[in-house]
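Engineer: The task is simple: from the sequences and hints, build the whole structure.
There are 2 protein chains.
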Amino acid sequence: MSLKTNNICLTAYPKGLPTPEHFEMTTTDVSPAGDGEITVRNHWMSVDPYMRGRMSGIKTYIEPFQIGEPLEGGAIGEVTHSGHKDFKVGDWVMTMLGWREMFTANVEDMRKVMLQKVDPNMLPAQAYLGVAGMPGLTAYAGLYKVAEFQPGETVLVSGAAGAVGSTVCQLAKADGATVIGIAGTDAKCKWLVAHGCDSAINYKTAENAANMTKAIRNAAPGGIDVYFENVGGIMLEAALNNMKIFGRMAVCGMISAYNDEAPVPGPSNLVQIVGKSLKVQGFIVSNYSKYALEYFAKLGPLMAAGKLVQQETVLEGLDKAPEAFLRLFSGDKQGKMLVKIT
Amino acid sequence: MSLKTNNICLTAYPKGLPTPEHFEMTTTDVSPAGDGEITVRNHWMSVDPYMRGRMSGIKTYIEPFQIGEPLEGGAIGEVTHSGHKDFKVGDWVMTMLGWREMFTANVEDMRKVMLQKVDPNMLPAQAYLGVAGMPGLTAYAGLYKVAEFQPGETVLVSGAAGAVGSTVCQLAKADGATVIGIAGTDAKCKWLVAHGCDSAINYKTAENAANMTKAIRNAAPGGIDVYFENVGGIMLEAALNNMKIFGRMAVCGMISAYNDEAPVPGPSNLVQIVGKSLKVQGFIVSNYSKYALEYFAKLGPLMAAGKLVQQETVLEGLDKAPEAFLRLFSGDKQGKMLVKIT
Chain A
2 MSLKTNNICL TAYPKGLPTP EHFEMTTTDV SPAGDGEITV RNHWMSVDPY MRGRMSGIKT
62 YIEPFQIGEP LEGGAIGEVT HSGHKDFKVG DWVMTMLGWR EMFTANVEDM RKVMLQKVDP
122 NMLPAQAYLG VAGMPGLTAY AGLYKVAEFQ PGETVLVSGA AGAVGSTVCQ LAKADGATVI
182 GIAGTDAKCK WLVAHGCDSA INYKTAENAA NMTKAIRNAA PGGIDVYFEN VGGIMLEAAL
242 NNMKIFGRMA VCGMISAYND EAPVPGPSNL VQIVGKSLKV QGFIVSNYSK YALEYFAKLG
302 PLMAAGKLVQ QETVLEGLDK APEAFLRLFS GDKQGKMLVK IT
Chain B
2 MSLKTNNICL TAYPKGLPTP EHFEMTTTDV SPAGDGEITV RNHWMSVDPY MRGRMSGIKT
62 YIEPFQIGEP LEGGAIGEVT HSGHKDFKVG DWVMTMLGWR EMFTANVEDM RKVMLQKVDP
122 NMLPAQAYLG VAGMPGLTAY AGLYKVAEFQ PGETVLVSGA AGAVGSTVCQ LAKADGATVI
182 GIAGTDAKCK WLVAHGCDSA INYKTAENAA NMTKAIRNAA PGGIDVYFEN VGGIMLEAAL
242 NNMKIFGRMA VCGMISAYND EAPVPGPSNL VQIVGKSLKV QGFIVSNYSK YALEYFAKLG
302 PLMAAGKLVQ QETVLEGLDK APEAFLRLFS GDKQGKMLVK IT
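Residue numbers (our numbering), protein chains in the order written: chain A, 2 to 343; chain B, 2 to 343.
Some hints here could point you the wrong way.
Pairs involving identical chains hold if they fit within one copy or between any two copies, as the list cannot separate such chains.
The list that follows gives simulated cross-link-like pairs (lysine-lysine, DSS-like), each with its CA atoms no further than 25 Å apart [to be verified]:
1. K280 / K291
2. K5 / K174
3. K113 / K16
4. K291 / K205
5. K113 / K86
I should point out that these hints are in silico values taken from the structure, not numbers from a laboratory.
Structural biologist: Pasting the structure below:
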């Protein structure tokens, strides 16, 4: 039996904003699962901002992608062949072997990175790539463990309409917070106000840090206890201006900087970190996996009650994966960006 | 009986670097202590970088100084008249009523801010303004409580030759750290290497963030666990480039920014806060006063063993106080800057 898969590979490490030319589709053979292996047909894959870091050719907390090799990322698929006693044909699994239609891989090797059975009858399969997966746990860990959010506090979220940000907003609201979201279109802001935000600011109409500072002040005259940072730049500067004494910032990402070709200066008001006794803490979700069960215990009732919903933008076909990824940076999507592979 | 005191007052809120014209000496009457009051003759006063913030006319975590009123700050003096049962003539006290030769004040009012008996036989009186006072506790709290320093880690200190920085270096070294100090003259660097630092970098020869980054990397090829920040600007940028994953920064001050007339952009590499999971935390010593006894228990044996020494620059006469203060920013001093009043 001969199996074939299409894969998306990088043609070169992009400098600045990646373009479609940085990606190519390849076709390779897939051997059916041998001993200790499983073969998986992917149904869904995730694109996430952190992947940009792995496209720079530089080792950070994780290895860079290799030119000409299939990219990697969260994916949900179905087992089609099994050579391992823990998996049977028809099982659904979450792996980090996205950006391809099909693969065969060693179970123990995958377990070192990510291999988890999921139940598509309990939740829509793609939810495991969003609110019930890595972005959801990122939101939970950042809000509760890093920023030490306390019920009833005032929370500011940048990138609020994204997969992580929208989960932060809804979790905080469910715990009685006053929530202010920042997003890039009026449509996103409208969605946010309908889903957990007391108010939402369209940063494209605020234009600069001074206007952002005022817009946040209008939304939260008493100041901000917790800032959940996904964006950086003028968002960070405006947030600093509005933090309360002893405020905390969970720094999840700074998407505004990911495609900078030359260094772009940071905020001029970092000295407020001293005067306001702020804690500014970066984090990577993989260091918080021990809180997954705690998060899922919170997630279930909130989803059942309709207090935590996943908004999605879905592109169909593996060939659309580069476009899906690039739209993370243009902002041309709503909620969790997904690719439906088959 | 008529008592007179000279005082140093602010003539205007400075924009940018203060000059001698921003200060004036006034002479006022002092009534001998009435009921509930004490009269104190100051012998020593402290000048500290944080005072610049109170000269801006803006309320931060503390009220601004008032134009035409005596400035305030740490001082050590002797009780000359007492109307309060807890104090007798000849007692030595530490108060926040510096920048004046003499004063009468209500004991309960002073206790709300700072009023503490000190023993000039146990330590030189001026040590209570340095290593055994607020700067010393600042060093201890920042290193152990904010940055969560663990014995044996690698510690980088900016403003290392100052009152706080030099204490941080010596405390860390006593706990087996590898310590790298950053200071502004070769003489300061030489003192640092003789007092706790494994190596010292003269930032004036490093010139820019790229050179500072290299100088730190040469001194600590394995990276930095703890950065004790007194300076900001290119020091912060270079420190970020050298932090280890899970590194911590105690942000005590950013003296490079205190006299900025216009906003100066911050470092371009803040995104490393995410990739390295850094904690960057500002603090104000007054929120750590509960650790004073714990610190003094550590301080005593270290001072007795000569492992923690206070380097001082002393100017004589209250009229020299403005000059002493301004030399904090020019860097023209070694160690703790003090004014001997009488």
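Engineer: Indicate, hint by hint, whether the structure satisfies it.
Structural biologist: Hints and how they fare:
Taking the shortest Cα distances, K280 and K291 sit within 25 Å of each other both inside one copy (23 Å) and across copies (20 Å). Within a single copy, K5 and K174 get their C-alpha atoms no closer than 47 Å, and across copies no closer than 61 Å, so neither meets the 25 Å cut-off. For the homomeric pair K113 and K16, neither the shortest alpha-carbon distance inside one copy (31 Å) nor that between copies (57 Å) is at most 25 Å. For the identical chains of this complex, K291 and K205 are neighbours neither inside a copy (37 Å) nor across copies (46 Å), given an alpha-carbon limit of 25 Å.
Within a single copy, K113 and K86 get their C-alpha atoms as close as 18 Å, which meets the 25 Å cut-off; across copies the closest is 70 Å, which misses it.
The structure fails hints 2, 3 and 4 (numbered hints given earlier, in ascending order).
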